[in-house]
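Line by line, the protein sequences are chains S and C.
Take any residue in the first sequence, count from 1 to its spot, add 1: that is its number in the working numbering.
Take any residue in the second sequence, count from 1 to its spot, add 1: that is its number in the working numbering.
Read the hints as simulated data drawn from the structure, not as lab findings.
All the pointers check out, no bait thrown in.
Chain copies aren't distinguished; within one or between two, either way the pair holds.
Below, simulated DSS-like cross-link-like pairs (lysine-lysine); rule was C-alpha separation at most 25 Å, straight line:
#1 152 with 133
#2 84 with 71
#3 198 with 171
#4 161 with 202
#5 226 with 174
#6 28 with 133
#7 202 with 226
#8 258 with 14
#9 152 with 174
#10 161 with 171
#11 4 with 198
#12 174 with 161
#13 174 with 164
#14 171 with 152
#15 84 with 4
2 protein chains.
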Amino acid sequence: MTKEQLFKNIKKKRSFLCIGLDADIQKIPSHLLKTDDPVFSFNRAIIDATQQLCVAYKPNLAFYESLGNKGWMAFEKTVTYLKENYPDQFIIADAKRGDIGNTSEMYARSFFEELDIDAITVAPYMGEDSVKPFLSYKDKWVILLALTSNKGSLDFQFFKDEKGERLFEKVIKTSQNWANEENLMYVVGATQGEMFKEIRKIAPDYFLLVPGVGAQGGSLQDVAKYGMNDSCGLLINSSRAIIYADNTSGFAQAAYKEALKVQIEMELLLNEYKLL
Amino acid sequence: MTKEQLFKNIKKKRSFLCIGLDADIQKIPSHLLKTDDPVFSFNRAIIDATQQLCVAYKPNLAFYESLGNKGWMAFEKTVTYLKENYPDQFIIADAKRGDIGNTSEMYARSFFEELDIDAITVAPYMGEDSVKPFLSYKDKWVILLALTSNKGSLDFQFFKDEKGERLFEKVIKTSQNWANEENLMYVVGATQGEMFKEIRKIAPDYFLLVPGVGAQGGSLQDVAKYGMNDSCGLLINSSRAIIYADNTSGFAQAAYKEALKVQIEMELLLNEYKLL
Chain S
2 MTKEQLFKNI KKKRSFLCIG LDADIQKIPS HLLKTDDPVF SFNRAIIDAT QQLCVAYKPN
62 LAFYESLGNK GWMAFEKTVT YLKENYPDQF IIADAKRGDI GNTSEMYARS FFEELDIDAI
122 TVAPYMGEDS VKPFLSYKDK WVILLALTSN KGSLDFQFFK DEKGERLFEK VIKTSQNWAN
182 EENLMYVVGA TQGEMFKEIR KIAPDYFLLV PGVGAQGGSL QDVAKYGMND SCGLLINSSR
242 AIIYADNTSG FAQAAYKEAL KVQIEMELLL NEYKLL
Chain C
2 MTKEQLFKNI KKKRSFLCIG LDADIQKIPS HLLKTDDPVF SFNRAIIDAT QQLCVAYKPN
62 LAFYESLGNK GWMAFEKTVT YLKENYPDQF IIADAKRGDI GNTSEMYARS FFEELDIDAI
122 TVAPYMGEDS VKPFLSYKDK WVILLALTSN KGSLDFQFFK DEKGERLFEK VIKTSQNWAN
182 EENLMYVVGA TQGEMFKEIR KIAPDYFLLV PGVGAQGGSL QDVAKYGMND SCGLLINSSR
242 AIIYADNTSG FAQAAYKEAL KVQIEMELLL NEYKLL
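Take the sequences, apply the hints, and build the full model.
Shown next as structure tokens:
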């Protein structure tokens, strides 16, 4: 998917919501455990209920890999289901990969060629040759970890050089030599509030994938105020607050209601910033 | 496995070799492609041929994941085969994971509980809460990326603060607050030669997992000279140079010969540094 198509979908849906498909077998409604593939059944119901309200889905690979072989099948079925039924959804494999070149190539082949996924999250620690193999696919995206939403982000991401430049800034600046705003986004946690202003100075036109609204406590208004650009430039992820809104047989309807609340807020913001 | 057991195995085998099981379907001998599970058949033959000469095996998850569901089955079968037949081998899942706490917990459950693997490689970018969930398992290890063997290691790992401390040093120092030499190792690339001297100043007693000898050009002598400690403290990984030594039906015998060359060199070094 191109940046232009993504922005078009945002305007059509009046939403820049990304729903995190973090299907934890220990948290999904118990009646689903009787089905053949509980994780896929859960995902399909969540997707059918919410797809009008969001522009992207982000399965986090950890949740699938932790189930081994069965988990991988559920992941692949989820991707195929999205591709076949809702082809305008932007699919992000939240994998946080990053390895030496020949290994990153294997990952790129797996996610972009075999599964035809739109984007993959990548960790920057190993530098250019760990990221580049993902950048050679047309209309496919790397979403590089820059400033994450967790407490541990303080450990290394704010490490500062003698000129006062912090590691996350160095990551954002350096990676712009490898790619551009048509194939690269950054992860910036919603919990980082006012940091969005600084990030927009060094990456004005890039899309940012923003976790941490909802369960982790970030504010949608703040993120929009400091982070929105003229192509919206934001994909706000929410996982637990939506998909686990309820754990009875009404879970999908509850997920719909939660997603609708967010979509309404987003429509107001898109109007406020004159993007509709 | 404890650190003491690992050192005992090193002395018994007179080797500190780790063999990287990077089974690439495009590189394994063509006659294996006719078998039910070519990747597992390849791994099993390599393991049977080399297990006397090494103390550890390191499957890199990328190679398995790139085959989807089938690849995961081959990975799980390989781990089970090692556990059942060669229980003294230290098994490292080269996964380079690292995510927010609840997600790292899922990975920990998958690798340590379900598969009973000894160690997992973890990327440090997201800090403490992305690493900690892996540290709560008895006799299981985190191997944290510190200074990698690839060209891209120059991009961020040498980023220096106002006191001259570099990011990889900061990672090594900070992480010692979370763990100790009984459950934490570091990845340090063999291509980084003289850096081992500096790393031993800040992590004298820790095991280091060292990729980059062989195909990537690092020197075993240099690594031993600067990196060995009184528990050996080194696991030297070699992948391609051993497992792809030959691609005919004699591939396992060829792998044996290559591993034997390395083991002989290692025995000499263990003698030279009076560890046998």
